[in-house]
Amino acid sequence: MMSALYALWAGSFGSWYAFTSGTLVRAVPLMLTGLGVAVAFRAGVFNIGAEGQLLAGAVAATAVGLHGSGMLGPATLPVALVAGALAGAAWAGIAAVLRVRFGVLEVISTLMLNFVAADLVSYLVRGPLQEPLHIYPQSSSIPAIARLPQFGPATRLHWGIVIAVVLVFVVAWELAHTAAGFRVRAVGANPSAAWATGRVPVSRVTTRAFLFSGLLAGLAGAIEVTGVTYALYENLSPGYGFTAIAVAILAGLQPLGVLPSALVFAGLESGATAMQRDAGVPAAWASVVEAGLILAVVGVIALRARARSAAANGGPP
Amino acid sequence: SHGNSDSGRSSASDFKVALLTPGPVSDQSWNAGAYQGLLRIRDSLGAKISNIETKTPADFEESFRQYGAQHYSLVIGHGFEFQDAAKRVAPDYPKTVFVTTSGNTEGPNLAGLQFDFANPSFLAGMLAGGVTHSGVVGVIGGTELPPVRESFAAFARGAQFVNPKVRVLSSYIGNWDDVSAGREQALAQIAQNADVIFQNADAAGLGVIQAARQSKNVLVFGSNSNQNDVAPDVVIASVVINLPHAFLLVANEVKDSTFRGRVISLGMRDDVVQLVLNPKLASRIPAPLVTRIDSVRTAMLHGSFPGADSAASPAR
Amino acid sequence: MSDAAAIALIGITKRFGAVTALDRVDFGLRAGRIHALLGENGAGKSTLMGVLFGLTSPDAGVLELNGEAVRWQSPRDAIRAGIGMVQQHFSHVPALTVAENVALGGRGRFDVAQAAAEVTRVGTKAGLAVDPMARVADLSVEAQQRLEIVRALAHGARMLILDEPTAVLAPGEATKLLAWLRRFADDGGAAALVTHKVREALAIADDVTVLRAGRRVATGVVNEFTAESLARAMFPEERETRAAPRANPQPGAMIVSAERLAVRGAPGEPGIVDATFALHAGEIVGVAAVERSGHTALLRALAGLQTPGSGRLALPPEVSFIPGDRHRDALVLDFPLYENLALRHLGTRHGLMRWPAVRARTSRILEQFQVRAASGSSRARSLSGGNQQRFVLARELDAHPTLLVAENPTRGLDLAAAATIHARLLDAAHAGAAVVVYSSDVDEVLELAHRILVVHNGVVREVPVTRELVARAMVGAA
Amino acid sequence: MSALESVLAAMIRTATPLLLAGLGELVTERAGVINIGLEGAVICGALAATVAAPPLGVAGGYLSALVAGAAVGVLMATFVVVLRADQIISGTAVALLGLGLTGALYHDIYGAGGVALTVPTSRSFDIPVLSGVPVLGPALFQQPLMSYMAFLLAPALAWFLYRTHAGLSLRAVGEAPHAARAAGVAVDRFRVGAIIFGSALGGAAGGVLVLAQSGTFAEGMSAGRGFIAIAIVALGRWTPTGVLVASLVFGFATAMQYVVQALGWPLRYELVLTLPYVLTLVALVLAPRGAAPAYLARTD
Ligand SMILES: Nc1ncnc2c1ncn2[C@@H]1O[C@H](COP(=O)(O)OP(=O)(O)OP(=O)(O)O)[C@@H](O)[C@H]1O
Ligand SMILES: Nc1ncnc2c1ncn2[C@@H]1O[C@H](COP(=O)(O)OP(=O)(O)OP(=O)(O)O)[C@@H](O)[C@H]1O
Ligand SMILES: [Mg+2]
Ligand SMILES: [Mg+2]
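Protein chains in written order, with the numbering used here: chain D, 17 to 333; chain B, 774 to 1089; chain Y, 3 to 480; chain Z, -11 to 288.
It is possible that some hints are incorrect.
Pairwise CB distance ranges, derived in the manner of DEER restraints [as the list claims (entries may be wrong)]:
id : chain 1 : residue 1 : chain 2 : residue 2 : range
1  : Y       : A316      : D       : F118      : 34 to 44 angstroms
2  : Y       : G434      : D       : R215      : 18 to 28 angstroms
3  : D       : T194      : Y       : G306      : 18 to 28 angstroms
4  : Z       : D96       : Y       : D140      : 36 to 46 angstroms
Which residues of chain Z face chain B? A partial, calculated answer using Cβ under 7 angstroms [as the list claims (entries may be wrong)]:
id : residue
5  : P43
6  : L44
7  : G45
8  : A104
9  : P108
10 : Q201
11 : Q249
12 : A250
13 : P254
14 : Y257
Simulated from the structure, these hints should not be mistaken for laboratory data.
Just so you know, these numbers come straight off a predicted model, no measurement behind them.
Just so it is clear, CB atoms sit at the ideal spot from N, CA and C, and this is done for glycine as well.
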């Protein structure tokens, strides 16, 4: 047990290499998707489709990377990232339209769209985007010009981390200091008061927040392709879009909270791999430890919140 | 104690071998066979072993690097999907040998282990074409991967070689662990009159076998591991890869420092991939069919049978 | 009638963080008697009643039921002991029907027909009609109030706590309710009546207790008090308790004009048809209507929240609206007050929020309008009901609107606060705004308005300012 | 069997575990709790059935599946009700825990060899007369006992929700817990009960996967059914009848997917696999509106 926990630590935060190449590399998609989920939830949109939106972004970035580099040259990378972001927004847009036009709950539509996106990726890597030999279910690798640079030969960490962290700060600032951000918070907290007191276009605000969260998830997918995998694969994401929900909630839906929260989950994932590798812990037990740690963290946070509210109310709730 | 900066000593005495699988090693099929192979290396060569169940392409490269940095002697990525990562990592860790199964990439310290699924699958197809009463046989896969597709194509050709009128149904489950869905895919094929089904779906394939058990007069083929004993009443034969044998072969070379990077092709002649009949159902197979299969097998072993892998050219 | 208290609260203390809501308060109910509880906004009345009903656990003090110490783990215990409560902020399940709300908390099989019959029976007996099969979310505020009373009665409460029950009832109904309460007490029931209306307390109560800032400052039988002595007990220093006298309107410029205006009602609500009227600067126009007449649609159209279906409606650029349901439509309860202020000015504005300026403005209006709150950063949720309302008013008046539309603006306010609000509305009118006030209390409308529009069955017409004519127009008698 | 018969039969088989888990989740959500941990309950039920059925028989297997599911529910309730931890994050962790723990225990109990197909499975129970009806008979009335029970559970739950005081209280707890408390309802007790009940049914769904379908266990064999069940509750608009119809819709779409592949239509299988999800989205567009419990997933 001790050796397993040591491996967990060593494989996540215990060395510079593990921290940058294991934890931070995983933290990038978690920050972006987690940030997207946080924004959506703050606006009262229960977008649990970050996974599908991430895949949509990965597809678009791959397509641009493979087919656009001849024409775009050095602009390939930025165009691929933008295309990924827009594709994520478009995939979220399906659910947004279903919500606004037909009153379909986004909780189910986004969940269904996750499954559809995964199957579509499976199709694309055996169809239109398959490598030229048509043998393997994957795309070719995108050319070097379309790749995000890494920080050096000794690490797999790429510039996506900078994009992610900057966006976290930008969104945090937007929510706190701009009218648009305040509108999102107000609409999420009490749509009818926002409407009655401010003439706020409620459904336009929620739709925009929805699309924006898809945009961030799509960007995460694009960064994963241009920074890590360099090609489109079937199992591109280990469920970043689902973990994103936990990341956002552990962050208290605060954009800045997403930074440490994403690090925690990325560290757990990275450390769990190390547990298998270095402590001989079977994969299944590694996820047991991971789940146990999440529950411990959640339990401690809940207990402290209870203690605080009990103190404030001078009695049990 | 990890990372590139680590400069631990590696000597022949700490012979370390790692295995990366794309799914759980309890699937009684593709991944289970590889795990048996890893255990065989441990038991026969006294190796220190480690294995990881990887989830994503991003994991592949990271894990390869970590093992390289820890001076593992041999790292096996079990599946074609590992080869891109292996190709990228191998040059950085010249003292570690990287092997990917179903791969065709090579380098000084990089080898692909190719298994000849076509010939034994062709034989399985012959058997299926000979025993079907309805003239309809099925293939059911987890997802469409190159070795699976190749093996299914050979199976279909084998069936049509024996019985040109045979119809082949093909379904994919979409994953490798949904046993119930595997069973349903099989039942849907059985409803279309399929009475012999070749499955290659790891754990989900057990559902196919279960469907056969619960239907009348349906036979199935096992794959990857010898699954004849999983349901002796309906599994007529298995297309078996003897992964322990194959892994040990490579591991021995690595341990003896006789390894050369190349694509290693293993098949029936090496006793690595075989069609293993279920003796308990031998009575169901007409004697002339057995004779015919045996003669084709002999021709294959002598390299004088061209038909089986005419699908080596890319499909579609 | 026995002299023993049916239930007594002794030495109750309750703190919320730094706020001491109750400080060693005694209070008791006796069979056959109505005990009025008075106090200004935030005095601790609701908190004390919460303790009595098991909603709030006191930090110190005891409850005695017929002389024996008891403890409520939850309202369930209080209900079992025969206590019923109608809370200031209603406590029912909006998604359920009236009958289901009444039946809630029972055991065994649930028979809808039987529950509905029971509601009808109790409602009829009490003179409080509610449709048992209506979804509560679709009911007007007034009808929700009646449901709450009917429910407590249906549970066989022998001790009833009513927290400002008459604040939302039309005058006729308030009178009927109080008459009923008298009979309830005469039949051996005990009642606590929280109210701001001194005259109401004097007219109906047997005993009176006054709270100020969490302390009991006066208690005794009703004939020991006069209106003046009660007011003095409630308000520490002299404050104006009457609105400034109504000045004759200076007919100003036309601010709103409606021609053949038709507005659709919210789902399940009537709208208005073919309304033609004008509003001018400097006047207060009262709106009188019984529930479900269409006045809600009229007010929302004037507030600019609902686009007319047909006809013409010209509105000024700066409109303030004080909605009837402050929790739903006016406040984000989990936001601090300064963010609730900024909400008012949000609209489709772009650019940055100037938070320091917003905070400063918040502090200023809290002071100016005497809103009791720890600071501008307090969550709206932490304010007492009356102070929430004062804040909403402060926010809307501070925007200096050309048109001010108010729906039950003094609901839940104490006498002094209500008077202040009235004065402010008059000030706004003096300053040149057109003011539209709807109140379910017709007397309030009569007291304030220069002109009165009565809405009945979707028809809007002007009626002379006399109680007789307005009352008749409200029910459709010409 | 005709093609139609086989589609209908596959629809019922596919719908059964989803219906069980969905009805369980319906009760949980009506109490205001969204149980993402349901997936963990399903897989734990499956393993428990696998372990218990060989010595105890099919009935013993189902009982163990229920108990295992309930145990997962106890864990979920501890976090959500007792500690008042966030529902979604606790549920995510509980699901992960269930998936991991079953994989690990399976490995530890049976070794790498696994159990293959050694678990006894329930025989189908033909309802006299009805099972003889053409087309519908074989599909609907030749099912394992558990399927009938699942389908009868829907009206039973409808009766409970709308015709008993406990059901009324449960609905109130999910809509307005503070009001329910003021009306004397023991809110937390209902929440705990609803979570445990829902998880137990999730466990039963796992039992069906093993005992009525696969006759074996495999890591991850729940394959997302716990999550689909949550979607089915929403598709079914939070009513028992709705959940029944929704699981049939999803079951039908899935059955079509099997048939379309087996018929050899010239479609890429990956696209065919999307059929259940796309059809569910279409059903959502066409379905009547209805609202989620107002307090769903809230913690305060
Ligand atoms: N849950 C709470 N948290 C913090 N403070 C509270 C809470 N409930 C009440 N208070 C504070 O306790 C004091 C008494 O509030 P209470 O609601 O009892 O007043 P009240 O006499 O009913 O006033 P009103 O006439 O405005 O309804 C107020 O200062 C209020 O802000
Ligand atoms: N971008 C903004 N969004 C929201 N509120 C703002 C913004 N800028 C300023 N405020 C605050 O909102 C209030 C109204 O600002 P403004 O300068 O428009 O005054 P005003 O003309 O009295 O209000 P309004 O015309 O919006 O009713 C001020 O207290 C100000 O601090
Ligand atoms: Mg009060
Ligand atoms: Mg202005």
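For each hint, the structure was consulted:
1. Taking 34 to 44 angstroms as the suggested C-beta distance range, the pair Y:A316 and D:F118 conforms, at roughly 36 angstroms.
2. Restraint check, Y:G434 to D:R215: a C-beta distance of roughly 23 angstroms satisfies the suggested window 18 to 28 angstroms.
3. For the pair D:T194 and Y:G306, the supplied restraint of 18 to 28 angstroms holds, since their beta-carbon distance comes to about 24 angstroms.
4. The given range of 36 to 46 angstroms is broken by Z:D96 and Y:D140, whose C-beta atoms sit roughly 58 angstroms from each other.
5. Checking Z:P43 against chain B: minimum C-beta separation of about 20 angstroms lies over 7 angstroms; hint violated.
6. Restraint check, Z:L44 versus chain B: the minimum CB separation of about 20 angstroms is more than 7 angstroms; hint violated.
7. With a least beta-carbon distance of about 18 angstroms to chain B, the hint placing Z:G45 at the interface is violated under the 7 angstroms criterion.
8. Because the closest C-beta pair between Z:A104 and chain B is about 4 angstroms apart, less than 7 angstroms, the hint holds.
9. About 12 angstroms separates the beta-carbon of Z:P108 from the nearest beta-carbon of chain B, more than 7 angstroms, and the hint is not met.
10. Given hint, Z:Q201 at the interface with chain B, holds; its Cβ is 5 angstroms from that chain's nearest Cβ, closer than 7 angstroms.
11. Checking Z:Q249 against chain B: minimum C-beta separation of about 4 angstroms stays under 7 angstroms; hint holds.
12. Checking Z:A250 against chain B: minimum C-beta separation of about 4 angstroms stays under 7 angstroms; hint holds.
13. Restraint check, Z:P254 versus chain B: the minimum CB separation of about 11 angstroms is more than 7 angstroms; hint violated.
14. Contact between Z:Y257 and chain B, as hinted, is supported at the beta carbon level, the nearest pair being about 4 angstroms apart and thus within 7 angstroms.
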